[in-house]
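Convert by adding 13 to the 1-based position in the sequence shown; the result is the number in our numbering.
Misleading hints may appear alongside valid ones.
Keeping only pairs whose Cα atoms sit at most 30 Å apart, straight-line, the calculated DSSO-like set for lysine-lysine is [said to hold, decoys possible]:
1) K65 with K90
2) K90 with K58
3) K58 with K99
4) K99 with K65
5) K103 with K65
6) K103 with K58
7) K103 with K90
If you're looking for bench data, these hints aren't it; they were derived computationally from the structure.
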Amino acid sequence: MTRRAIMFVVGGVAVAALAAGAAYAQNAGGQQAGTQNTPFNYEIKDGQRVPKPGNRITNPDGSWREETRQGACVTIKEGGADGSVKTTRKCD
Numbered sequence: 014m015t016r017r018a019i020m021f022v023v024g025g026v027a028v029a030a031l032a033a034g035a036a037y038a039q040n041a042g043g044q045q046a047g048t049q050n051t052p053f054n055y056e057i058k059d060g061q062r063v064p065k066p067g068n069r070i071t072n073p074d075g076s077w078r079e080e081t082r083q084g085a086c087v088t089i090k091e092g093g094a095d096g097s098v099k100t101t102r103k104c105d
């Protein structure tokens, strides 16, 4: 084989692998296209960090309460005015 033929074969394999990886990443886990779930308080949509939807209530004294739903489970985080955080998880 000539050098040119080898370069075309290697380039073709690289392009095919890139296209397959992009298609898999787009449809991973049956999620909406362009959305990636993370274990943090943000999601990645179209390459950008976006805060996860959750209802957080902040009180005037600095304490707060946040509920996050993951499937049939609800995670409740409560933060005190002194900085303490309590996490409770309930599954139905």
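Status of the hints after comparison with the structure:
Of the supplied pair hints, the one linking K65 and K90 holds, its CA atoms being roughly 14 Å apart against a limit of 30 Å. Note on K90 and K58: the hinted pairing holds, with a Cα-Cα distance of about 24 Å set against a maximum of 30 Å. Distance restraint check for K58 and K99: the Cα-Cα separation of roughly 29 Å lies within the 30 Å cut-off, and the hinted pair is therefore satisfied. A C-alpha spacing of about 19 Å is found between K99 and K65, which places the hinted pair at or below 30 Å, so the restraint holds.
A C-alpha spacing of about 19 Å is found between K103 and K65, which places the hinted pair at or below 30 Å, so the restraint holds. Distance restraint check for K103 and K58: the Cα-Cα separation of roughly 28 Å lies within the 30 Å cut-off, and the hinted pair is therefore satisfied. For the proposed pair K103 and K90, the alpha carbon gap of about 11 Å is at most 30 Å, so the pair holds.
Consistency note: the structure conflicts with none of the earlier hints.
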